[in-house]
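Chemist: Sequence:
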Amino acid sequence: MSDEQRKYSDGEVIFREGQRSSAAFIVVSGRVELLKSSGAGAPVRLSILGPGEMFGEMGVVNRATRSVTARAAGDTVLQEIEREGFMESIRYDPDMALQVIDSLSGRLRSANEMVVKSGKGGGRNLWDLLGTLIAQRRERKRMLEVRIAPLTGDADGTQTQQIAAILGADNTANVKILTQPLGFDARVPRPADFASITAMVRMKTGAQRCDLMIWGSINEVGTAISLHFIPGALAGDYPGAVLPTDRFVLPADFQPEFGQLLRAVVLAAVVPKDKTQRMWLEHMLMNALEEAQETGQQPPAELTPSERAMIQACFGNVIAAIGNYKNDANWYTQAGQAYADALEGITAEEAPFDWAAIQFHLGRVRQMIAEKSGDEETLQVAMEHYRAAMTIYSQAEFPLEWATAETRIGSIFYRLDRTSTDTEFLKQAIASYQSALLVFSAAEYPFKWSEVKNNLGQALQVWGDAARSEELLERAVTSCHEALRVRSREETPQLWAASQNNLGSALFLLGRLTEDSEYLEGAAEAFGKALEIYLAYGMARLSKVTERNLAKAEDLLRARLARRVARVYWEDEPAGEREERLKQLRSRANQSSEIEA
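In this text, residue positions in the sequence shown follow our numbering: the first is 782, and each later residue adds one.
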């Protein structure tokens, strides 16, 4: 690998979009911004890179032309790696391989069409390369950091050590047992205990990189081990995402096949911190599922009904997590069956936390199935699962789970409104979003707060349009602006574009209702900003929708401006001609029908 370093001054172009690719680069010092031409004004900044980050490798691997422009942001020093040395390095240097996996995998996921267009067989060759790199990485370096708190009831630490040994056996995880025991009895945890240990893990994660924290207990008769999981990253809200009250149960004298199921459950509980880890987890989960399937479907008869139910539920999490990685409803259907089987063996009176967790998981997978199929009946069933879970997950004792359920219920009501003839579903959606905001504050949960604000703005604008209410539409505009306080073009460009599109819709509807051209100008500006991002990221469907929205806003704006100017000279026109001109302008304005969300 060449060690040649090059210096660039602020604003100097390193390479341009469309140029031939001959080298990759690593940032030694300074920063580099990657720009994409949008065809609608200034180029879009896709990302900004700092020391240690790589760029330009996609074209080197598949011999494609540059897909972006790279430009120095301040005085910058780069290490330039010619193609021959680059390809040699990723074969034998696992650190270099990891950087390439991280960079390439995300691009293949989000813009697969770029790979297909790069040349015959290009997509397949890149996937083969990534598979090889993952295998090399698996053998040479550990991908997970796992911490285990000493289990309550494990006096000599034997069971805790056995679990650590199983999880670290294949060298993919660095597993450490904490020295300090928990400050509460994990056999009978209270809601406050779940909250305190979750907060502790979140606080320590920043200083000590940890992908997963495991805690739990051995029951008083010594026959079963219960394990709980807390991801090091902020908890995800997707099918299979672990809940604080989830528990995986192992017989105290468990056989090796239970170790395989334990590994699968642990992999499913991890929230991936980057594209590399996400791709690796998907690969590992598929292998783990095959080895653990029989144990997950048929728990040991000697366990209690609730213990067997939670084994089935955790197995459902494994299947649902795979469905989330693959975006495949068939996996959600299988997970739903596992959760339903688990629910048959448990009651809210016997094990309320377990029962609530299964209800919540069932709601997630059935909501996803319904959204993909358009089945309103299944949407209603999913909502009932959330409401059942909320009888245990109260706002006072489980605020995050309660607020997440409210957000999901709001989204279900919003979807149900599409085929409704009145606004009752919209009102209930808005009420659910507002309830969620009682917990999700801008200061404590900024990204979740912005998500709910964005959803609230969407629902308010639909209701405001149906009711022809200026007040509701103004509230929709305010909610979109609030979401954009957190969502930024630089950090979260696609979420920023979604909120800009929602803002444009609300402003368009407000401008059409009030005949105020300033609102229409704002709508056109917001649609234009969203369109730049969608074009830059190759998001064809959203680009087309936003282009139509922009055209409607501009058409109506021109009609309003023409009407305003016409008042000056129409006074001298014959009455018949004036009426005909008004008729034409109104006809054109009426063509600007509903804006697409």
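Treat the hints as calculated values from the structure; they're not laboratory data.
Among the hints, a few may not be true.
List of simulated lysine-lysine pairs, DSS-like, C-alpha gap at most 30 Å [as the list claims (entries may be wrong)]:
| hint | residue 1 | residue 2 |
| --- | --- | --- |
| 1 | K1107 | K1153 |
| 2 | K788 | K817 |
| 3 | K1107 | K1325 |
| 4 | K1208 | K817 |
| 5 | K1054 | K1107 |
| 6 | K817 | K1054 |
| 7 | K1153 | K1325 |
| 8 | K817 | K1325 |
| 9 | K1153 | K1054 |
| 10 | K1153 | K1208 |
| 11 | K1054 | K957 |
| 12 | K1056 | K1153 |
| 13 | K1056 | K957 |
| 14 | K1107 | K817 |
| 15 | K788 | K1153 |
| 16 | K1056 | K1107 |
From a predicted model like this one, the values you see are computed outputs, not experimental measurements.
Chemist: If any of the earlier hints don't hold here, list their numbers in rising order.
Modeler: 4 and 15
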